[in-house]
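Undergrad: Here the structure of chain F is known, so what remains is to put chains Z and Y in place on it, guided by the hints.
Note that the protein sequences, when read in sequence, are chains F, Z and Y. Residues in the first sequence are numbered consecutively from 1, following full-length UniProt numbering. Residues in the second sequence are numbered consecutively from 1, following full-length UniProt numbering. Residues in the third sequence are numbered consecutively from 1, following full-length UniProt numbering.
If you are wondering where the hints come from, they were derived from the structure by calculation, not from laboratory data. Keep in mind that this is a model prediction, so the values were computed, not measured. Check each hint, because a few of them may be wrong.
Result set (DSSO-like, lysine-lysine): computed pairs, CA atoms no more than 27 Å apart in a straight line [what the hints assert, rightly or not]:
1) Y:165 with Y:108
2) Z:102 with Y:108
3) Y:169 with Z:102
4) Y:169 with Y:121
5) Z:102 with Y:165
6) F:35 with Y:108
7) Y:121 with Y:165
8) Z:102 with F:35
Far from chain F, by Cβ distances over 10 Å, these chain Z residues were calculated [unchecked claim]:
9) 20
10) 100
11) 102
Even glycine gets a Cβ: it sits at the ideal position worked out from N, Cα and C.
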Amino acid sequence: MNPFSEVTSFLDGAVAVAVVLIGVSLLLTFVRLIKGPSLADRVVALDLLTVLAMGVIGLRVIATGDVLYLEIALALGLVAFLATVFFARLIETRGRELDHGYDTMDRSKER
Amino acid sequence: MHGVSEIVAGVLILIGSFFVFVAAIGILRMPDVYVRMHAATKAGTLGSGLLLLAVAVQADELDVVLRAVAAVLFLIATTPVAAHLLGRASYISGVPLWRGTKLDELQGKYDRDTRALAGRLPDDAPHEPGRRS
Amino acid sequence: MSHNPPQQNAVSDAETVEVPRTAQLNVFALNVVLALAWSLTTGAFSLLNLTVGFVLAYLALWLPWKMWGDDTYFRRPWRILRLMLIFVWELIASATTVAMLVLTPGLKFRSAILAVPLDVKHDLGVTLFANLISLTPGTLSLDVSDDRGTLYVHAMDTEEAEAEKRDMKETFEDPIRKALQ
Chain F
1 MNPFSEVTSF
11 LDGAVAVAVV
21 LIGVSLLLTF
31 VRLIKGPSLA
41 DRVVALDLLT
51 VLAMGVIGLR
61 VIATGDVLYL
71 EIALALGLVA
81 FLATVFFARL
91 IETRGRELDH
101 GYDTMDRSKE
111 R
Chain Z
1 MHGVSEIVAG
11 VLILIGSFFV
21 FVAAIGILRM
31 PDVYVRMHAA
41 TKAGTLGSGL
51 LLLAVAVQAD
61 ELDVVLRAVA
71 AVLFLIATTP
81 VAAHLLGRAS
91 YISGVPLWRG
101 TKLDELQGKY
111 DRDTRALAGR
121 LPDDAPHEPG
131 RRS
Chain Y
1 MSHNPPQQNA
11 VSDAETVEVP
21 RTAQLNVFAL
31 NVVLALAWSL
41 TTGAFSLLNL
51 TVGFVLAYLA
61 LWLPWKMWGD
71 DTYFRRPWRI
81 LRLMLIFVWE
91 LIASATTVAM
101 LVLTPGLKFR
111 SAILAVPLDV
121 KHDLGVTLFA
131 NLISLTPGTL
141 SLDVSDDRGT
151 LYVHAMDTEE
161 AEAEKRDMKE
171 TFEDPIRKAL
181 Q
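Here chain F stands alone, though its shape is the one from the complex (with noise of 0.2 Å):
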């Protein structure tokens, strides 16, 4: 008897399982990408959401053997790196002008 005979049958059920999960993380990362309030808010939703996608290119690469989309896990990688930059350059400059959504505190008085 082979006793590893449904090891192959644990891997699937582990990248089933996984990806249910990511598939639920992502709704939730939309639902903060929408709701906001701040553009901070949503940089950080896009974020998340490129490395829930490397991770979902990860298994991807698991269930299929297709080696390929590593490449383009580190170019997405890559990508949303530089937007958060550029993303967080804009934020710093104009975001006082940008509406935040929040109206609770006001902060344009401090110094």
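TA: Just chains Z and Y now, kept in the frame of chain F:
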């Protein structure tokens, strides 16, 4: 041999997807940008890193392993930097801290026009957040 | 704050001054040559075989070099490996902490922005410190003051601000300062 690496990969996938899920819950539940960033950077990075590590564990060819490890290292290297830039930008643009923030020693330290950041002076008393000096 | 480093510097200078930079390079060259020789004798120039040859040559060179006194070249990879392990360990610990805070119902934590005084003025040191802070449980570095004297850190869950600052400095700043000397 092959079976063992598949079990390890499976366990990594389960733990990784759990952390990714936690990151998503955190980004939805946590009260302000800064705390949300904690969830997204730490749990998100670890989760996706573990998923990519699973690829490296169950791969047969060396170049696949190297590429997967490179992706993980890239993730670990960039997220703290991105979080720092975003946190700084949010604070400068005035995204408020949540009401459970009990101390804000950054308050009033940025020059409003030049965005130059002053250091902590020895006689600085800690500020109460939300109260202006 | 930084009144005693001169003495530490003097000690480490005495230790490191006899190691010329070229000596390390020579060991590396020898290591590469031996790896090539290994591939030649085994008759396979694949990446895997070259790596095996490099590791074997590394181990074979280690012993004689250790007897001659200077094994900086051989200790460096282990130091880098140790730093990487610390990084990974901290990331796991912090993700677990964050997971626990996220999954606890209700918001039963108090966050804060803390000003941590910096003793390392070196750019690389500050960068390392800031990034390590970002990966430790519940802390995220926001910015460094222009005079490189203060690091502003957002802490997700603070009980006692001053104790937290002392903790951060003790666990990371001292090791970093020693590693960079």
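Undergrad: Determine for every hint whether it applies to the structure shown.
TA: Structure-based check of each hint:
A C-alpha spacing of about 21 Å is found between residue 165 of chain Y and residue 108 of chain Y, which places the hinted pair at or below 27 Å, so the restraint holds. For the hint linking residue 102 of chain Z to residue 108 of chain Y, the alpha-carbon distance of about 13 Å falls within 27 Å, and the restraint holds. For the hint linking residue 169 of chain Y to residue 102 of chain Z, the alpha-carbon distance of about 21 Å falls within 27 Å, and the restraint holds. Between the alpha carbons of residue 169 of chain Y and residue 121 of chain Y the distance comes to roughly 14 Å, so the proposed pair stays at or under 27 Å and holds.
Distance check on the hinted pair: residue 102 of chain Z and residue 165 of chain Y sit about 15 Å apart at the alpha-carbon level, within 27 Å; holds. For the hint pairing residue 35 of chain F with residue 108 of chain Y, the CA-to-CA distance comes to about 23 Å; that is within 27 Å, so the pair holds. Taking the CA atoms of residue 121 of chain Y and residue 165 of chain Y, the gap is about 17 Å. The hint holds against a cut of 27 Å. Of the pairs offered as hints, the one joining residue 102 of chain Z and residue 35 of chain F holds, with about 26 Å between alpha carbons and a cut-off of 27 Å not exceeded.
Distance check for residue 20 of chain Z against chain F: the nearest CB is about 5 Å away, which does not clear 10 Å, and the non-interface claim fails. Look at residue 100 of chain Z: its CB is around 14 Å from the nearest CB on chain F, clear of 10 Å, so calling it non-interface holds up. Listed as a non-interface residue, residue 102 of chain Z keeps its Cβ farther than 10 Å from every Cβ of chain F; the least gap is roughly 16 Å.
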